Every structure is written in C-alpha cells, then in structure tokens.
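Asks: Each residue of the sequence shown is one higher than the one before, counting from -19 in the numbering used here.
Do not rely on the hints blindly, as some may be mistaken.
[To be verified] Label pairs and their in silico Cβ distance ranges:
1) F5 / R46: 15 to 23 Å
2) N31 / K3: 16 to 24 Å
3) L32 / N(-3): 25 to 33 Å
4) D47 / N12: 19 to 27 Å
5) Q50 / R14: 21 to 29 Å
6) K4 / I45: 20 to 28 Å
Everything labelled a hint here was simulated from the structure, so no lab data went into it. Just so it is clear, the structure is predicted and the values come from calculations on it, not from any experiment. C-beta atoms are modelled at their ideal positions from N, C-alpha and C, and glycine is treated no differently.
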Amino acid sequence: MISAYKEFKQEDLELYNISLNAKKFSVDFTSNMRILEILFAPREIIIDESNLEKIAEIFTALEEIRDNSQLSK
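Please take these sequences and the hints and turn them into a complete structure.
Replies: Next up, the structure:
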C-alpha cells in the first residue's frame, strides 16, 4: 500500500482536474487519462530565430483581434 502511494504523482492530480474541467465543456476525449498523459508529456522543443519571430507575429495579431473584439470597449 505504501509503495502505491509513493508512485502517485502531482501530475496525476493535475491531469484529473483537467479532465473534470473539460467535461464541463463537453470535451469527452479527456476522460482517457492516457491521452492526457501523452498530450501533456514534457518535450524539448527547439524553435529557431525566424520561426520564433513568426510565432511572435501570430500572437501579436491574436492580441489585436482580441482587443478589437472586446464587447466592453
């Protein structure tokens, strides 16, 4: 019993909470914890300078869209 407790990870609880929140929005695939583990597994991502600039441009455009579509202006 103690060894099973040691194997429990904080990430398990976080994935469980993600699953519960997703169900509120009728996202059913998140009930499969293995899928969540795959989606949220840490990965090393290498982004070169030119792609990083393109990503920054995309986020800037998204922020402008968000700001222009605010209902409470």
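Asks: List, from low to high, the hint numbers that the structure doesn't satisfy.
Replies: Hint check: 2, 4, 5 fail, others pass.
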